[in-house]
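Q: Please put together the full structure from these sequences, using the hints given.
Each residue of the sequence shown is one higher than the last, beginning at 2 in the working numbering.
Just so you know, the hints here were simulated from the structure itself, not pulled from any lab data.
Wrong hints could be hidden among the right ones.
Unchecked claim - Straight-line C-alpha distance at most 30 angstroms; calculated BS3-like pairs for lysine-lysine: (1) K145 <-> K4; (2) K10 <-> K56; (3) K81 <-> K145; (4) K60 <-> K10; (5) K17 <-> K68; (6) K76 <-> K56; (7) K56 <-> K29.
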Amino acid sequence: MRKVYLLKKLPSNLLKKCQYEEVTEFFKFSRRHEAERYFNEGAYYYVDIEDILTKMVPKETYEKNLKHADGRVLKKFRYKLPLVRAEEAYLDVYKGELEGVNLIRIRAYKKNNFRKLGWFGEDVTNDPTYSIYSLTHSKVVDLKKQEEMER
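A: Following this line, the structure appears as structure tokens:
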């Protein structure tokens with residue numbers, strides 16, 4: 002089960018305990034019009050083709066395609082969250098144009114095994130506005146930012 006939530010309010014001192022890395026993510030369309038999503042995890046570079054195949058690519062290939070990205074290049078800090086009952090849990094804190102957009106991404110072992118925590122905001126798992134593709138191509142005004150969530 003995968004879920005995506007907006008961040009309502011971050012518990013104090015949580016991020017001091019978390020490992021993080023800077024991530025850059027962008028789309029490029031191939032000659033066959035396939036959506037290729039490029040991203041890095043630390044010093045490793047990947048391309049995800051049509052959400053079907055993910056493979057490592059050389060840094061040079063990543064950097065060459067970065068120069069020709071289609072849409073916005075996403076820059077974020079990705080914090081690994083220590084959540085119980087979650088196989089993976091991350092907080093993506095976006096920078097640049099998307100500063101203030103903070104998404105919690107959860108992958109849980111079982112659908113009924115994970116409970117939303119009080120500091121989680123709205124569930125946007127099925128909201129196309131918050132897909133990686135939309136974040137690279139949509140107007141920033143359409144996105145809810147953290148300061149709006151805290152009101």
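Q: Are the hints correct? Go through all of them and say.
A: Structure-based check of all given hints:
In summary, the hint linking K145 to K4 is supported, as the alpha carbons are separated by about 17 angstroms, within the 30 angstroms threshold. The hinted pair formed by K10 and K56 fails the criterion: a straight-line CA distance of about 35 angstroms is larger than 30 angstroms. Simply put, K81 and K145 have alpha-carbon atoms about 22 angstroms apart, close enough for the 30 angstroms limit, and the pair holds. Between the alpha carbons of K60 and K10 the distance comes to roughly 36 angstroms, so the proposed pair goes past 30 angstroms and is violated.
Proximity of K17 to K68 is assessed by CA-CA distance (about 34 angstroms); at most 30 angstroms being required, the pair is judged violated. Simply put, K76 and K56 have alpha-carbon atoms about 20 angstroms apart, close enough for the 30 angstroms limit, and the pair holds. Distance hint between K56 and K29 is fulfilled; the C-alpha atoms sit about 15 angstroms from each other, no more than 30 angstroms.
Hints 2, 4 and 5 from the earlier list are contradicted by this structure; the remaining hints agree with it.
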